[in-house]
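A.B. asks: Produce the entire structure from the sequences given, and follow the hints as far as they go.
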Amino acid sequence: MPPAPLESPLSNRAPSNRVLQPPVAIGIIVVCAIIYFSGFAPGIMALWPLASGFFEPWQLVTYGLLHGGFNHIFFNMFAVWMFGLPIERAWGSRRFALYFLVCVIGAAITQLGVQHLTGEAYPTIGASGGVFGLLLAYGVTWPENRIFLIFFPVPIRAKWFVLIYAGAELVFGVTQAMPTIAHFAHLGGLLFGAGLLWNWGWRPRMTWKR
Numbered sequence: 001m002p003p004a005p006l007e008s009p010l011s012n013r014a015p016s017n018r019v020l021q022p023p024v025a026i027g028i029i030v031v032c033a034i035i036y037f038s039g040f041a042p043g044i045m046a047l048w049p050l051a052s053g054f055f056e057p058w059q060l061v062t063y064g065l066l067h068g069g070f071n072h073i074f075f076n077m078f079a080v081w082m083f084g085l086p087i088e089r090a091w092g093s094r095r096f097a098l099y100f101l102v103c104v105i106g107a108a109i110t111q112l113g114v115q116h117l118t119g120e121a122y123p124t125i126g127a128s129g130g131v132f133g134l135l136l137a138y139g140v141t142w143p144e145n146r147i148f149l150i151f152f153p154v155p156i157r158a159k160w161f162v163l164i165y166a167g168a169e170l171v172f173g174v175t176q177a178m179p180t181i182a183h184f185a186h187l188g189g190l191l192f193g194a195g196l197l198w199n200w201g202w203r204p205r206m207t208w209k210r
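So the sequence shown is numbered by this note's numbering: it starts at 1 and just counts up by one.
Watch out, some of these pointers could steer you wrong.
With beta-carbon atoms standing in for the labels, derived distance ranges [what the hints assert, rightly or not]: (1) Arg94 with Phe54: 31 to 39 Å; (2) Ser52 with Pro155: 37 to 45 Å; (3) Gly68 with Arg146: 15 to 23 Å; (4) Glu144 with Phe40: 37 to 45 Å; (5) Glu144 with Ser52: 42 to 50 Å; (6) Ile156 with Asn199: 24 to 32 Å; (7) Trp58 with Tyr122: 17 to 25 Å.
Bear in mind the hints are in silico, worked out from the structure with no lab data behind them. Note that beta-carbon positions come from the ideal geometry of N, C-alpha and C, so glycine has one too.
C.D. replies: Below, the structure is given as structure tokens:
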């Protein structure tokens with residue numbers, strides 16, 4: 001049975017599954033930080049292309065715990081903290097964990113498909129697919145909230161931020177700009193997240209304000 005329909009935490013009635021200290025989001029940050037600062041080499045835990053001979057099923061999850069540099073892990077974990085904590089507080093830990101896992105696996109499946117079509121042979125690491133799913137979840141839960149980011153010092157409504165960011169990733173992926181970044185994996189995380197939200201009862205509603 002699918003979870004109950006999404007309920008905005010901005011409503012007057014607080015959902016019964018709300019948690020004050022989000023253990024899953026915090027756990028993701030802690031585990032990723034420990035792995036990164038321990039100097040763990042990605043190796044077989046990274047997501048390898050199907051044709052490489054190194055692919056293993058567990059890589060659909062483990063690649064999301066690995067990061068290739070300080071900026072990579074900092075911005076991903078900052079996004080988990082900024083968007084993941086309020087989402088887990090609103091949805092509850094079980095729903096949040098399922099959603100993030102689906103986004104990470106969905107991003108991996110998308111990346112494997114793209115690499116199969118293009119013949120690319122490099123491994124993929126990073127939680128960015130899950131992060132893009134969180135961006136979408138935040139945007140549909142609090143569409144009118146204004147986001148103020150370090151690298152974009154202008155407040156923008158969450159719903160527009162998601163659309164702009166997704167559009168940019170699509171353009172970068174098609175044009176092969178920034179080729180070391182798995183743009184289609186990011187989009188895959190967002191799309192699989194959208195599919196799960198749809199299954200849970202979310203439907204897009206566009207409202208225009210003057």
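A.B. asks: The structure should be examined with respect to each hint, and the outcome stated for every one.
C.D. replies: To see whether the hints hold, each was checked on the structure:
no.	hint	verdict
1	Arg94 with Phe54: 31 to 39 Å	holds, 33 Å
2	Ser52 with Pro155: 37 to 45 Å	holds, 44 Å
3	Gly68 with Arg146: 15 to 23 Å	violated, 31 Å
4	Glu144 with Phe40: 37 to 45 Å	holds, 41 Å
5	Glu144 with Ser52: 42 to 50 Å	holds, 45 Å
6	Ile156 with Asn199: 24 to 32 Å	holds, 28 Å
7	Trp58 with Tyr122: 17 to 25 Å	holds, 19 Å
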